[in-house]
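Visitor: Now for the letters of each chain:
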Amino acid sequence: DAGITQSPRHKVTETGTPVTLRCHQTENHRYMYWYRQDPGHGLRLIHYSYGVKDTDKGEVSDGYSVSRSKTEDFLLTLESATSSQTSVYFCAIKGTDQETQYFGPGTRLLVL
Amino acid sequence: TQLLEQSPQFLSIQEGENLTVYCNSSSVFSSLQWYRQEPGEGPVLLVTVVTGGEVKKLKRLTFQFGDARKDSSLHITAAQPGDTGLYLCAPSEGGSYIPTFGRGTSLIVHP
Chain E
1 DAGITQSPRH
11 KVTETGTPVT
21 LRCHQTENHR
31 YMYWYRQDPG
41 HGLRLIHYSY
51 GVKDTDKGEV
61 SDGYSVSRSK
71 TEDFLLTLES
81 ATSSQTSVYF
91 CAIKGTDQET
101 QYFGPGTRLL
111 VL
Chain P
113 TQLLEQSPQF
123 LSIQEGENLT
133 VYCNSSSVFS
143 SLQWYRQEPG
153 EGPVLLVTVV
163 TGGEVKKLKR
173 LTFQFGDARK
183 DSSLHITAAQ
193 PGDTGLYLCA
203 PSEGGSYIPT
213 FGRGTSLIVH
223 P
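Protein chains in written order, with our numbering: chain E, 1 to 112; chain P, 113 to 223.
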């Protein structure tokens, strides 16, 4: 499972509140990714990181920010959650073969 | 931006039937990966195909990469309820670290 954990696994929050999701990996992989998955849209890339303090935007980055202060942790923050951000969020790392992605178990977020 | 399509979007079949799902694009890829995602879990890699025309088998699953490396298919023989899940294709362009996923084919196999 490439040692990827996500926390929390489930969260219910209210519109306008800040939310931070954490992705933790134990195998020192350089590349880490945050996706959201919604019915009819598949997996969409939010942000990714290619090293400590090195991040870049993905396809659907509006309303999200990320930080990576340590190799093992990649944080996704919703500064002011909206109902449109209700989704399942997956963290992933890129394996040593530079192609395979290994995914975490996901975080289900409900914004009321 | 590449156009990546997976078909069919949904498939509901009985145990024992055969099926094929497709992943098509307008772009040429260096490789392509197939993932399966079971309900409530993250996607898990099934196979990577690299060479045009390549065929790989994983038990009852047969994966083929098109000769032009623009498309791929996944054939399941004698489907079982354990095959239920979302099948995602993810092509790679050499040197790119920005992965792209198709929207997937949602398969339900009824006992």
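A few of these clues could be false.
Here are the simulated DSSO-like pairs of lysine-lysine, each with C-alpha atoms no more than 27 Å apart in a straight line [stated by the list, open to error]:
(1) E:94 to P:182
(2) P:168 to E:11
(3) E:94 to P:169
(4) P:171 to P:182
(5) P:171 to E:94
(6) E:94 to E:53
Partial pick of chain P residues on the chain E-facing surface, computed with a CB cut under 7 Å [claimed, not checked]:
(7) 148
(8) 151
(9) 157
(10) 163
(11) 164
(12) 218
For the record, the hints were derived by calculation from the structure and aren't laboratory data. Because the structure is a prediction, the values reported are computed rather than measured. For each residue, glycine too, the CB sits at the ideal point set by N, CA and C.
Visitor: Which hint numbers doesn't this structure obey?
Guide: 2, 7, 8, 10, 11, 12
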